[in-house]
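Chemist: Going down the list, the sequences are from chains G and Y. Heads up: the first sequence runs through residues 35 to 1033, numbered per our numbering. Heads up: the second sequence runs through residues -18 to 252, numbered per our numbering.
There may be inaccurate statements among the hints.
[Unchecked claim] With a straight-line cut-off of 20 Å between C-alpha atoms, the simulated EDC-like cross-links for lysine to aspartate or glutamate are: (1) G:K58 / Y:D107; (2) G:K58 / G:D953; (3) G:K44 / Y:E143; (4) G:K204 / G:E134.
[Stated by the list, open to error] Covered stretches of chain Y (chain G as the covering partner; in silico rule of three or more C-beta atoms under 8 Å from a C-beta of chain G): (5) -13 to -3; (6) 15 to 25; (7) 28 to 41; (8) 48 to 56; (9) 106 to 120; (10) 138 to 149; (11) 157 to 170.
Don't read these hints as lab results, they were simulated from the structure. Nothing here was measured: the structure is a model prediction, and the numbers come from that model. Here a beta-carbon is modelled for each residue, glycine too, at the ideal position from N, C-alpha and C.
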Amino acid sequence: MASRIEITLKPDLLDAEGEALRRKAGDYFGIRLDGVRSVHIITVDAVLNRDQIERVRQEIFTNPVTQISSLNPLAVDADWIIWVGFRPGVRDNPGATAVEAMEDLLGIRMGPGEAVYTSRRYCLQGKDLIAADVQRIAAQLLANDIIQQWKIFSAAEWDPAEGVGLILPKVRLDHTPTLTVLPIDSDRALQQLSTERNLALNPNDIPVIRGYFLDPRVQADRERVGLCEPTDLELEYISQARSDHCNHNTFRGLFHFRDADAGKTETIDNLFKTCIQTPTRALQSRKPWVISVLWDNAGVGRFDEQHYYTITGETHNSPSNMEAYGGAITGIVGIYRDPLGTGLGSRLIMGSYGFCVGPRDYAGDLKPRLHPRRLLDGVIEGVRDGGNKSGIPTPFGQVLFDHGYMGKCLVYVTALGIMPTTVNGQPAEQKTILPGDAVIMCGGRVGKDGIHGVTASSETFSAHTPAGHVQIGDPYTQKKMHDFLLEARDQGLIRFITDNGGGGLSSSVGETALYSNGCEIELEKVPLKYAGLDQWEIWVSESQERMTVAVAPEHVERFLALSVRHGVESTVIGRYTDTGKLHITYDGKPCAYVDLDLLTAGFPQWVFEAEWRSPAARGLSEPVLGPPGDQNQLLLDMLARPNICSKEWICRQYDHEVQGTSVIKPLVGVGRDVNSDAAVLRPVLGSERGLAFSQALLPFYSRIDAYHMTACTIDEAVRRLIAVGGDPDHIGGVDNFCWPTIQYDSKNNPDGRFKAAQLVRSCQALRDVCLAYEIPLLSGKDSMYVDGHLPGRYDETHKVSALESLQFSATSVIADITRCVTLDPKMDGDRVYVIGETRNELGASEFYDLLGYVGCRVPQVWTERFMPRYRALAQAIAQGLVASAHGIYRGGLAVHLAMKAMAGELGMAVDLARIPAADDAGRDDVLLYAESAGRFIVTVNPLHAESFEALFQALPLACIGHTVAEPRLTVQGLSGKNVIDLSVADLKEAWRKPFGDLI
Amino acid sequence: MSRINALVLTGYGLNCDLETAHAFELAGARAERVHINALIDGSVSLAQFQIMSFIGGFSWGDDHGAGVVQAVRMRTRIGDQLLRFVEQGKLVIGICNGFQCLVNLGLLPGLGGNYTRRSVALTYNDGGNFRNDWVHLAVDTESPCLFTRGLHRLELPVRHGEGKFVTDADTHRTLRDARQIVLRYAMPDGQPARGAFPHNPNGAMDDIAGICDPTGRIFGLMPHPEAYNHWTNHPQWTRTKEAAKRGQTPMPEDITPGVKIFRNAVDYLAA
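One chain only, chain Y, in its complex shape:
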């Protein structure tokens, strides 16, 4: 089996490249950090990759809406290539700023196979401020999303000022019925957060933290799975360790739930 090649987009204020590449490597892929301009000038081709990741950061400072300017540049310069990548059945993941970029490109939610229409948005948190905290997430296990296979509930960090998912009632209904709402902010017991701060950290409609396209091959989420690449990233890891030392709980697995998301993508392609 040849290795799966994952592209990690960099440049213009993006900043989660090293840990995203690391997470892909832990998941068994070969990750390459590629500057946006290298795709535009053609020195690197999308053809050699099976997964493309739009990573977290502040592209163009997020000055005109998070992910907006990056989406404009990519649509203008390499929009056709991106659509071809998707048509070929390859995988795309957008995390935080990358998720914001995907919805501005229209690659998400991709309703009716239209991958250029902007129909959902990620806007300013209700709290009015950037927030870094860990959240509980409930996975829609019936979702076609292939990145979350085998995951039921998980915890991940959020780090954003513009993560409030917004759309109109019709689009929301369509997304829900097509099981495209992959991740929802939840209470510690897994029940829906129902908008309660800080469990739902931004006021997102229907506690939406991540969505996929109808095929499940394009996935966008506000939380950062790549920042949970080692069990000591978890905020309670010293407690888990002490409980494990006393035989009360097992030691955490080597593959964190964060890396599992990347592993699912690699496994899907390798199958």
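So that you can see chain G by itself, here it is in the shape it has in the complex:
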């Protein structure tokens, strides 16, 4: 009853997909292919007659202008053929839309168990191709064995009548849903269960959990509903709720901090409370624009009288490290549900990305699961499809290469939304739940996705076990849900909304039930992707694209009808109560009956040992370097560094103009090719008010001191906003920590105490700088355990830990977007100014890294000195005195002078002797490459010079030269001779060269 349609492009048309594969095989592996054609295969597992299948072939799956197709294998010339399809249970988005299209065209409904599966075969031509090459292309370019299966056919093996055969990756569980009661006779027995069932219960929590279930009052309550010992579902629920992911045990932990240099010890109780919550609350009380922070899915700030903006960010590291595309698309689509689930719901207005991976050209002995190049390709594509198909612009992003990310990559995703200040007269940022409200699950269905995360990846696969622990986000389903929920919001149908992310229903229902103080869930009502899930699996599954909504009983009917209008599945799965209990049944039989306040009662705090030693005590010192003679070549080499060079190919894949709100784009300047300091949007189309957004990520400085890493990162994000015209009185922040494991272990984590001390110092810098710059932390997340164990040359394993990394995102509101400026100098003859002094701060700089040093003198932030100059610059921009502005960031003055010259395609002639500098910075290389914070390069129309300078009285400002018509950067050194003299074309060639061929 299954049938198969093969589709391919007509032979005279370029096969761009095949061509991309041909190019990659050559570029990545030196495998020469003469040609590649791709064939799309639609396998229909449904009862259809010949006419029906013929009709869908012609009307849906074949474009008569460009494609040919057949129900039999197409004859396409090939020396080798690779077939790639999904494993069972992996989200097949095209398969799902094929079902929708076929049902629509034929006017039928496919039955349970009927499905459409998509796959591809690639027809490779190459005279000298050998099996090993083809295997390499399949395994390292086309397929990832976690989610995909593949077959290879030589020309001799290929049966033109049979083709790839009929392959149906159908999930068959043949399992009756079973609830298991777990004995808790002793702590040891529970610990053993936790290990066997991957519950990941913290050993310190086990006595508390047992104590609860052994409490006679609890036992009596449970007996009344027909339960005695805990069920697997209950322990899974507790495990989820107590996980570091959901509960932030690390940040709420107790740190015994020893400063080994000073010989002093102090105890720090709860970094979250002391360094994030308290400062933010203090700032909130002074800043009326801070609307809602520290409790909802995203933070809320005021945009204008009628609108609030929402923002949050997180990471999706471990899944992306296993399956880059799936992890990244799930990450970006997932973060978009947070603003959607904030207040009564906000509409998404932008997203951003931060990718940290190993060196793209890594050729060493370590064998990560995915080579950094492949991993980067995958995460780029995942965020591309997730963002673009959601209709949300991606106008900002960062990519960073470092060996430390070989162990585990970082994929940061950030999302912003906007909402009206009131919905039906009610404040839009507030929400609550009343007993009797319906619990409704909207969006996708539930399968074995994401259950116990990556631990499942070590299990063996059979042909029909679902490989669902690595997910593939589905932006299409979510976009429909997004549109639906916003309409429901505006009709006043939503009482409470939150997303289903980590922990699935267990988290979303468990947490929302606290608002009414109870709920009753009928688990059999939850729609499933396939039968056979155990009750606990339904409860904790992390299947994507779902929201949990509380709807008043009188609105349920309208809510469900609107859901149908939008082609979205919504199901009432229970109701909220005020019993104090989480009560779950399946077909009327009890599965869980737990006091909701169990989670707030008496679980022990996590404890960490932290030991700080200063950089000098750790043996770091400044290198002894003579001055470079060839400054021209040095600058060209700096511009070609992977962390500096052009990555235009990534920005251009991301739709950054959808919604029509773009004001400052990711790439600006005459050639539209230099990265802007920040993105600016006009999120309310009828208004000229703007929202500015920037991010910074400077993990390199953690090699010396994570305190200064953090301070510099925040300072850079702030300067980026100021450079485009941001308002220093309105800066919102989002902190995203990614840290290696900090729990000391003599064998597995011998430097854990130092990493813990770095975290403490980082949090202290976050507190200090945010208070000084008056940045409330609108949102934030932490992701610990950024380590990996990689096999080496002899199959020994190496633990590779990431640099202590903090991504800081910052927002500002701009009263009039037409005042914004970009970094490109606009006219020749303008004055070039540097704001801020340069110090001998080359520690962990890009320049030192080029030469193989770390050094010691890391850049530092003096907030009280910096802020007045930021205010002065903001005022100058607001008064229209500034033609261009740009912060001096990674790479230092030379690199950022080059960025400006390249952006304006104008020359600049500057004199190092005029640069405001500390006494110890009196050397050309220090002035050119120190990464001192607090600095900008600005160009000003000479007519405005006087007014501009007047704003900077008593502040470090100097005119260092002027722009010139001939596109040439000339820098006069302290000796009075030109040390740099390069054409803009030469600069651009060097800067574009590393990744310039990528599209």
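Using the hints provided, position chain Y relative to the given structure of chain G.
Modeler: For chain Y alone, coordinates are given in the frame of chain G:
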């Protein structure tokens, strides 16, 4: 004069509804965002509209060829209504995914008055990837297309992975001779791009960026005029502003070339 009503189609992964509605409003129309299913279940009727816009986005994820599934659904459910709308001399614009949908419906190119035949296609970019960049466009000023009246050259953003215009030689000749090739990708000086990347961003035959039907009332284009609804959408606007401040160039007009395309449609109907 009663206001012109413009329908902006939404739902199933379409995503340029707000800015398209905004562009219509700036052009003087009354814009209404209407879900595809509202047309299908009859709760909203096409009769009350004079302009219909098929907007950008990823309908049904574009999983089976961009705009294909949307075209199947609309042809199957409301194909007759669409043909009636066109027969009544009303206007249709398809942008990006909407253009892809129009060619899959057959509303474009409408050769010989046949509005159901698929004779042109928009397929995968030669670069093999989605691309967002601004392009220069040259307008065929002899075209019957009423949306581009008074426009000679303009710049707009493209944002697509499947925008390469393809057809057979005969159809191409017919389109060219009937002046239905409205927009071509061009060099910054207005000369044809002749396929040169990135000026022609996708490898489109004859640099074709937009076509109309023989009457000029149905217009489809890959670039996004609605994303150029404010002068600060232009990638060089900060340069334009600085030059204007120094008296070297005039400040940009309030109505952007992008909105002019919508204004032309409204003016045509109001006349």
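Chemist: Are there three or more residues in the region 15 to 25 of chain Y whose C-beta lies closer than 8 Å to some C-beta of chain G?
Modeler: holds (count 4)
Chemist: What's the verdict on K44 of chain G and E143 of chain Y, does the C-alpha distance respect the 20 Å limit or exceed it?
Modeler: Holds, because 16 Å separates the two Cα atoms, which is no more than 20 Å.
Chemist: Do three or more residues from the region 138 to 149 of chain Y put their C-beta atoms closer than 8 Å to C-beta atoms of chain G?
Modeler: holds (count 5)
Chemist: Count residues of the region 28 to 41 of chain Y with a Cβ under 8 Å from any Cβ of chain G, then say if the count reaches three.
Modeler: Three-residue rule met by the region 28 to 41 of chain Y, so holds; n is 4.
Chemist: Going straight from one Cα to the other, do K58 of chain G and D107 of chain Y come out at no more than 20 Å?
Modeler: Status holds; Cα separation ~15 Å.
Chemist: For the pair supplied as a hint, K204 of chain G and E134 of chain G, is the alpha-carbon distance within the 20 Å limit?
Modeler: Roughly 18 Å between the alpha carbons, so the hint for K204 of chain G and E134 of chain G holds.
Chemist: Per the coverage rule (Cβ-Cβ under 8 Å, at least three residues), is the region 157 to 170 of chain Y covered by chain G?
Modeler: Coverage by chain G is violated here, the residue count being 0 at a Cβ distance below 8 Å.
Chemist: With a cut-off of 8 Å between beta carbons, are at least three residues of the region 106 to 120 of chain Y near chain G?
Modeler: Our answer is that it holds, as 10 residues pass the Cβ test (under 8 Å) against chain G, meeting three.
Chemist: Taken at face value, is the distance from the CA of D953 of chain G to the CA of K58 of chain G at most 20 Å?
Modeler: violated (51 Å)
Chemist: Check whether three or more residues of the region -13 to -3 of chain Y sit with their beta carbon closer than 8 Å to a beta carbon of chain G.
Modeler: Coverage by chain G holds here, the residue count being 7 at a Cβ distance below 8 Å.
Chemist: State whether the coverage of the region 48 to 56 of chain Y by chain G holds or is violated, taking the criterion as 3 or more residues with Cβ-Cβ distances under 8 Å.
Modeler: holds (count 4)
Going through the hint list in order, the structure does not satisfy hints 2 and 11.
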